[in-house]
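Protein chains in written order, with the working numbering: chain A, 1493 to 1602; chain B, 1493 to 1602; chain C, 28 to 165; chain D, 28 to 165.
It should be emphasised that the hints constitute simulated quantities derived from the structure, not laboratory data. Please note that a few of the clues may not be correct.
[What the hints assert, rightly or not] Derived DEER-like restraints, expressed as beta-carbon distance ranges:
{"hint": "1", "chain 1": "C", "residue 1": "E89", "chain 2": "D", "residue 2": "Y157", "range": "24 to 32 Å"}
{"hint": "2", "chain 1": "C", "residue 1": "E89", "chain 2": "B", "residue 2": "V1587", "range": "43 to 51 Å"}
{"hint": "3", "chain 1": "B", "residue 1": "K1565", "chain 2": "A", "residue 2": "D1592", "range": "57 to 65 Å"}
{"hint": "4", "chain 1": "D", "residue 1": "E31", "chain 2": "A", "residue 2": "T1497", "range": "30 to 38 Å"}
{"hint": "5", "chain 1": "A", "residue 1": "E1596", "chain 2": "B", "residue 2": "K1580", "range": "33 to 41 Å"}
{"hint": "6", "chain 1": "C", "residue 1": "P114", "chain 2": "D", "residue 2": "E159", "range": "32 to 40 Å"}
{"hint": "7", "chain 1": "C", "residue 1": "E43", "chain 2": "D", "residue 2": "L117", "range": "32 to 40 Å"}
{"hint": "8", "chain 1": "C", "residue 1": "T32", "chain 2": "A", "residue 2": "K1540", "range": "20 to 28 Å"}
{"hint": "9", "chain 1": "B", "residue 1": "G1526", "chain 2": "D", "residue 2": "E31", "range": "45 to 53 Å"}
{"hint": "10", "chain 1": "C", "residue 1": "E43", "chain 2": "B", "residue 2": "K1565", "range": "48 to 56 Å"}
{"hint": "11", "chain 1": "D", "residue 1": "G148", "chain 2": "B", "residue 2": "D1601", "range": "34 to 42 Å"}
{"hint": "12", "chain 1": "D", "residue 1": "Y157", "chain 2": "C", "residue 2": "T32", "range": "54 to 62 Å"}
[Stated by the list, open to error] Here are the simulated SDA-like cross-link-like pairs (lysine to any residue), alpha carbons at most 20 Å apart as the crow flies:
{"hint": "13", "chain 1": "B", "residue 1": "K1560", "chain 2": "D", "residue 2": "V109"}
{"hint": "14", "chain 1": "A", "residue 1": "K1532", "chain 2": "A", "residue 2": "I1495"}
{"hint": "15", "chain 1": "A", "residue 1": "K1580", "chain 2": "C", "residue 2": "N124"}
None of the values given here were measured: they were computed from a predicted structure. Heads up, the beta-carbon is just placed ideally off N, CA and C, and yes, glycines get one too.
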Amino acid sequence: MNISTEDKEKYTIIELEGEVDLSCSPDARNSILGVLEGDKSLLVDLAKVSYIDSSGVASLVEGYQTAKKQSLKFGLVGVSDAAMSVLKLARLDQVFPIFDSYEEYEKKDD
Amino acid sequence: MNISTEDKEKYTIIELEGEVDLSCSPDARNSILGVLEGDKSLLVDLAKVSYIDSSGVASLVEGYQTAKKQSLKFGLVGVSDAAMSVLKLARLDQVFPIFDSYEEYEKKDD
Amino acid sequence: MTIETLFEIQFPAKAERLCLIRDLVKRTAEEAGCCSELSDRIVLAVNEACMNVIQHAYQGDELGVIMLEMLNNEGKLHFRLVDYAKPIDLSSVKPRNLDDLRPGGLGTHFINEIMDECDMGHLEEGKGNYLEMIKKIS
Amino acid sequence: MTIETLFEIQFPAKAERLCLIRDLVKRTAEEAGCCSELSDRIVLAVNEACMNVIQHAYQGDELGVIMLEMLNNEGKLHFRLVDYAKPIDLSSVKPRNLDDLRPGGLGTHFINEIMDECDMGHLEEGKGNYLEMIKKIS
Ligand SMILES: Nc1ncnc2c1ncn2[C@@H]1O[C@H](COP(=O)(O)OP(=O)(O)O)[C@@H](O)[C@H]1O
Ligand SMILES: Nc1ncnc2c1ncn2[C@@H]1O[C@H](COP(=O)(O)OP(=O)(O)O)[C@@H](O)[C@H]1O
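Could you build the full structure based on these sequences and the hints that come with them?
In structure tokens:
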């Protein structure tokens, strides 16, 4: 798995790439919680995720809940088919704010 | 493994593609001996071979020897790195006629 | 009636080994005739089962060993996962209520959703635990 | 001194299974630190050893089972290949003279060229045969 972070004016992007499994989901979790500790809204880009297991999903849930508590925005962007089918199985596709693109997020955020 | 055969005026080309291993080398052998039975010279194209084991190499040796007995030409063309390192290990790179391209073969054949 | 053993593998109970196991299961499932989508789901379930052994049965002890066996019983894939950890509390093995959102508690839900049959139990003489999962593929 | 078990797999003695075994060995060798070129050579040798079990020890009997164990002993990869066929004639296991060109007789040559150490023998009580191969990788 690769993690890259990009700071925008109003939010931070964390892009996860590759297989988000038990061997690396703690890293994803740390990055996610790190951004939220810095009091920034967060979009997690899942476009390049080829596999995600329940530990990766748990990191997203934790991010979502932490953001909520701190009244920060949290969303998923460009969710790959592989990731979406796992979110659906967990019935989280109805819980997470999911955006096709950053533009879509920015429009809705206005 | 994929086998494709192309008839030229003076020779036939058999192109092997993928992994030439014990599960499919009998098919390669049959194709090779089939062409030689038809009294045609044969070039085996190994450009797209990603793996070859000793059973695949044995089919080439058998083709080479059969062609020799029948006074037909037999050569290898565009040998991939993967195939070449196995031929070298078998010290067959000095035995088989090896050509970079069909043009090279045709020039030498004149 | 023929049961075909596809493989039986033993590997250390480490998260780093799971990627390899996923590949092995995916390829074997596809060779047994699963489409890519079905094999992805099967891989997810088997991966979750292995994760649970690593995290809960062995509680992170990387000296633990996991055995995974995969069989094809006439169009039904059988998985048998064995650990040699202390006998687990079988009654604790259940997913969270999906409406009660919290991190975790999804693995057993994934397994139950994906597999047709699951059976978990203790090995003889307190030697460990097993999980058997069956998935019809044709 | 630590010996790390990487995996132990049992699989049917069929040519169709070899592709999967090659993938497993390649990935595991690379994770253990081999470069692509070295892992390709190791894969070739292990594949030839499995082929010999399929063709010569089991003589094509696809009900036969092969066990392959891969260990990392501080920078030396150890492979142990076991079959449960009749005890083989150990003196017959040798490559052809490379100058005496004929189809076949290369597998043992590849194994000997690639591996640093090889040891073949019978299991206790005529239960089968083993081949141990060691390759230094660092
Ligand atoms: N192999 C196992 N050994 C022991 N306990 C298990 C095992 N699998 C599951 N459990 C128990 O079932 C619970 C739910 O598991 P699961 O749905 O996979 O979610 P999670 O692993 O995230 O807690 C675990 O928290 C654990 O208590
Ligand atoms: N695992 C084995 N069991 C029995 N005989 C073997 C085994 N491996 C090799 N041999 C013997 O050694 C010979 C040489 O093997 P090898 O060099 O691999 O070439 P090939 O398999 O093409 O004959 C074989 O023909 C066979 O007689």
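Verify the CB-CB distance for E89(C) and Y157(D) against the hinted window 24 to 32 Å.
holds, 27 Å
CB of Y157(D) to CB of T32(C), is that within 54 to 62 Å?
violated, 20 Å
Honestly, do T32(C) and K1540(A) meet the 20 to 28 Å range at C-beta?
Given range 20 to 28 Å: violated, Cβ gap about 37 Å.
Assuming the hint says 33 to 41 Å, is it satisfied by the Cβ distance from E1596(A) to K1580(B) or not?
violated, 56 Å
Assessment of proposed distance window 48 to 56 Å (beta carbons of E43(C), K1565(B)):
Given range 48 to 56 Å: holds, Cβ gap about 52 Å.
Okay, K1565(B) versus D1592(A) on CB: inside 57 to 65 Å?
For D1592(A) against K1565(B), whose Cβ atoms are near 60 Å apart, the range 57 to 65 Å holds.
Would the pair K1580(A) and N124(C) pass a check requiring their Cα atoms to be no farther apart than 20 Å?
holds, 15 Å
Need the status of pair K1560(B), V109(D): alpha-carbon distance at most 20 Å?
Violated: K1560(B) and V109(D) sit about 40 Å apart, past 20 Å.
Taking 43 to 51 Å as the stated bounds, is the beta-carbon spacing between E89(C) and V1587(B) within them?
holds, 50 Å
Hinted pair K1532(A) and I1495(A), Cα distance within 20 Å:
Given that 20 Å is the threshold and the Cα spacing comes to 17 Å, the pair holds.
That 34 to 42 Å hint for G148(D) and D1601(B) (C-beta), does it hold up?
Check failed, 51 Å falls outside 34 to 42 Å.
So does E31(D) sit 30 to 38 Å from T1497(A), Cβ to Cβ?
Because 34 Å falls inside the window, the suggested range holds.
Taken one by one, the earlier hints fail for this structure at numbers 5, 8, 11, 12, 13, listed in ascending order.
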